[in-house]
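Colleague: Sequence:
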Amino acid sequence: MKTVMCSVVKLMFYILIGLNISSAFAIDEKPTDIIQKTAEQQPGSETTPIFIKKLATNEEEAASEKEEKEREKKLAIDIETLKVAGDARDASKDAAMYALYGLFISLSAVVIAFFQLCMFRNQLKLMKISNETASKAANAALETVNLGRDQYTAAHRPWIKVQLNHAGDLKRDSDGRWAISLVFKIKNVGNIPAQNVYPNPGFYAGEGFVDEVKQAQLKLATEYKPIANHIGFTIFPGESIKIYVTIHVTKEVAENKDLIHFSDCLPRLFIVGSVHYKSTFDEKPHRTGFIRAFGYFDATTGKITLIPKQDSISQRELRINPHISGDGYTD
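So this note's numbering is basically just the index in the sequence shown, starting at one, shifted up by 14.
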């Protein structure tokens, strides 16, 4: 009895299921389509139970949540990286700006230094011009002082002028020397008395070049210098005196064949020397030089000859002429 009842219940259950299925099917739908559609509407599937499908969904959600967290984490890292990169970019931008500022400051310093150098150079040029101007002014002032001093000295010192001529015949003595007496007319044309005034003449035999006769004049002046302060006369301004001095031509010079055979037109015997004196204002030594060409006129030939052949020559036949160089040294 119980078995029959169970069978009836099962049969009714299956009938109800069949009715539900048939009512759910469309007239033109196939049973497989209905099953597929039903599977799509149900949480499960035709091959997967509902609880398995739900478990898979939970796992997918967990995986999605994990992936979301990883994406968020990666996004946070990317954001941090971008932030660091932005900071680095800003720092690089600031560094570039500071470098640009530094370059501008450096260029400004270079420009300022260049202008300072130009100004310094111009200042040096102006200082040089100023120094040159000051130096020229100082030199001009010094020249003015020296000129004034020279003018004052020239106005307060003696000045000696000299004229000379033969004062007698040219004679040869027993030693074979030729002797001639000269007269010096000496005048003080300065404003101060002259002391120790005395002439120191001598003969010079040679070619007669300017340097030679001046050198002979200097030699005589040097030899006379030690005794210049111990002999001589005092001549006041405007006063003139005459002094007679005898000089000699040595036998060696008189018998020199080179001199004897010298040209008949130009003499090679010279009277050279200086008149020595000093100032009473400052006792400074001075001298006035003289150079004369000497010879005699041979009436038989009509020419001037250097050394005569006879023992005595009249002063009327003697010639004393100026030298081409003038009187030599005079101070």
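Calculated from the structure, these hints are not laboratory results. Predicted, not measured: the structure shown is a model, and the values here were computed from it. Quick reminder that beta carbons are idealized off the backbone N, C-alpha and C, glycines included. Hints may be right or wrong, so weigh each one.
Across the chosen pairs, the derived CB separations fall in these ranges [unchecked claim]:
#1 Asn205 with Ala155: 37 to 45 Å
#2 Arg330 with Asp187: 15 to 23 Å
#3 Ala155 with Ala123: 17 to 25 Å
Derived DSSO-like pairs: lysine-lysine, alpha-carbon spacing no greater than 27 Å straight-line [stated by the list, open to error]:
#4 Lys83 with Lys97
#5 Lys256 with Lys239
#6 Lys228 with Lys292
#7 Lys80 with Lys175
#8 Lys199 with Lys175
#9 Lys175 with Lys142
#10 Lys228 with Lys150
#11 Lys150 with Lys199
#12 Lys185 with Lys233
#13 Lys139 with Lys199
#14 Lys199 with Lys292
#15 Lys97 with Lys87
Colleague: Give me the numbers of the hints this structure contradicts, sorted from smallest to largest.
Modeller: 1, 3, 7, 9, 10, 11 and 13
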